[in-house]
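Given chain Y, work out where chain L with the ligands should sit, using these hints.
As you go down the protein sequences, you meet chains Y and L in turn. Numbers given in our numbering equal positions in the first sequence, counted from 1, plus 191. Numbers given in our numbering equal positions in the second sequence, counted from 1, plus 23.
Fair warning: there could be bad hints in the mix.
List time: in silico EDC-like cross-link candidates among lysine to aspartate or glutamate, alpha-carbon distance up to 16 angstroms [claimed, not checked]: (1) Y:Lys-334 with Y:Glu-321; (2) Y:Lys-388 with L:Asp-26; (3) Y:Lys-388 with Y:Glu-241; (4) Y:Lys-334 with L:Asp-26; (5) Y:Lys-265 with Y:Glu-231; (6) Y:Lys-276 with Y:Glu-321.
Hints in this document: simulated from the structure, not taken from any laboratory.
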Amino acid sequence: MNVAPRLAGLVGDAVSPPLLALDHVSISYPTRDGILTAVEDVSFTLSAGERLVLLGPSGCGKSTLLRTVGGFLKPSAGEIRLHGKRIVAPGPDRMTVFQEFDQLLPWRTVLGNVRYALERGKSLPRGQAEEVARHWLTRVGLKNFVDAFPHTLSGGMKQRVAIARAFALEPALLLMDEPFAALDALTRRQMQDELLKLCEETGSTALFVTHGIDEAIRVGTRIIALTPHPGRLAASFDVLPESRVRGTAQFAELERQIQQSVFADPEAEYV
Amino acid sequence: MSDIAAPKLLRAPASQRAFAGTPWRRAVILAGFALIWELYARWLDNPLLLPTMGATLSALWSAILSGELPDRTLTSLRVLTTGYAIGVAVAAILTTLAALSRWGNEALGLLTSMFNPLPAIALLPVALLWFGVGTPSLIFVIVHSVLWPVALACHGGFLAVPPTLRMAGRNLGLSGGRFVVEILVPAAFPQILSGLRIGWAFAWRTLIAAELVFGVSARSGGLGWFIYTSRAQLETASVFAGLLTVILIGLVVEGVIFRTLTRLTVQRWGQEQA
Ligand SMILES: Nc1ncnc2c1ncn2[C@@H]1O[C@H](COP(=O)(O)OP(=O)(O)OP(=O)(O)O)[C@@H](O)[C@H]1O
Ligand SMILES: [Mg+2]
Chain Y
192 MNVAPRLAGL VGDAVSPPLL ALDHVSISYP TRDGILTAVE DVSFTLSAGE
242 RLVLLGPSGC GKSTLLRTVG GFLKPSAGEI RLHGKRIVAP GPDRMTVFQE
292 FDQLLPWRTV LGNVRYALER GKSLPRGQAE EVARHWLTRV GLKNFVDAFP
342 HTLSGGMKQR VAIARAFALE PALLLMDEPF AALDALTRRQ MQDELLKLCE
392 ETGSTALFVT HGIDEAIRVG TRIIALTPHP GRLAASFDVL PESRVRGTAQ
442 FAELERQIQQ SVFADPEAEY V
Chain L
24 MSDIAAPKLL RAPASQRAFA GTPWRRAVIL AGFALIWELY ARWLDNPLLL
74 PTMGATLSAL WSAILSGELP DRTLTSLRVL TTGYAIGVAV AAILTTLAAL
124 SRWGNEALGL LTSMFNPLPA IALLPVALLW FGVGTPSLIF VIVHSVLWPV
174 ALACHGGFLA VPPTLRMAGR NLGLSGGRFV VEILVPAAFP QILSGLRIGW
224 AFAWRTLIAA ELVFGVSARS GGLGWFIYTS RAQLETASVF AGLLTVILIG
274 LVVEGVIFRT LTRLTVQRWG QEQA
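Looking at chain Y on its own, in the form it has when it is part of the complex (with noise of 0.2 angstroms):
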């Protein structure tokens, strides 16, 4: 009797496709001078708990790629598979922090944009909203700011709140396209350590777009590099829990070999 579920488990784990996966994906846009190839046949596929960081140069099509994994955008060629499933819209299984601040809604505090998302996202009951809300509020540290209308915010407490809403969702897959780009370097440091704590804690599987090395070996477990124009697979790192401590050897290597491998000038600067 036990073990037949159990049985099927295994079953099913041995055969179940990637969490994301992503099969020969081309991504354009037209323009008034013609079709604009900003990403050219991607693959890749992420597995559970794992945090995938797309890095490139500006104009390589990450935002573009996440875009599509989001459902904002349509491939032109490929598919991209969520659970095995064709993703064709956007939905509250992908939520994604954007690195634009107006991306909370400002008629609504800061309960109240996190509390909405539940509610519009998830279906929770009003009162569950709340309290699922104020949960996540105060995990990213905003416990005093519940009742602030948005425009009232510092750039980095209007990210915590998008980083908030999105966890709150408790997504299969968390989108982030660098939410701290518009930060200034000592707020960044601060949120990409609270954020690959949050990501550690509840362990969940994210892919994250920056142009920052430094960035990509701090919050990801593995970092995928694009070429710009079009955006096409580079090179990929696994980045070993040793190497994300900041100052260590192990850092500073897997730093120049991400340098070396994707940016033909070893001394251009990559911040």
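Chain L with the ligands in isolation, oriented as in the chain Y frame:
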């Protein structure tokens, strides 16, 4: 993550708080106007052309006491709010369709560019043919005067909603009417509010003008009719009293209703374009 401490707030000094608002400046300006009016009217000394402010106020007072002015005002306001409500509702339907489909978008663009420049009063003859003399004709022209500017403002507001905010909404699985009502409308509220303001001013203007044009045969006319009959009887002070009523109602709607709405919404949300 560690808690971010709440900011400490200080109370602004009393002297600063007392003069913070604008009402007292407005009061001074108004008093200035009143003084100029009174002095000029006395100097002109021709009550048929320009009654003094005192005479106007006493005409206003007696028209209020006789019950005629409140009656006429109510009639006007009833027609006005009916037409305004219908106009805003139709505008809401049209812009929702425009936000959700390409055909709707094209249709709205074409309709507004055709009808927005058409003065409502120019439709009055057609309205009279279709609906005859009476309230329905008035409502028809008011709807026309409200519909297009409100639809134009809403539509422009929707188009200006930042793409990130749209994506944040769609990320939650929102689509269709719910996306429009819960994301686009509040996001475009500054523009919608200014559209409602413009619509209100157009409606008021159109109503008074329409009442003046065919008030001649309307038994229970509104404020426009009051102004018209007063002029016919050469009671210039009453004409001015009627105009003053029009202005006062406009001020109340703008200064109380719209101002409160602005304070409770776009100002609180930090969306007001200062
Ligand atoms: N809406 C659009 N229409 C046309 N072309 C676009 C559009 N968005 C992006 N592109 C083009 O696609 C390419 C990739 O853009 P994308 O925004 O994905 O780059 P990115 O890697 O995110 O860069 P960054 O690091 O600067 O954010 C660029 O060449 C850009 O010009
Ligand atoms: Mg980008």
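Of the hints given before, which are not true for this structure?
-> 6
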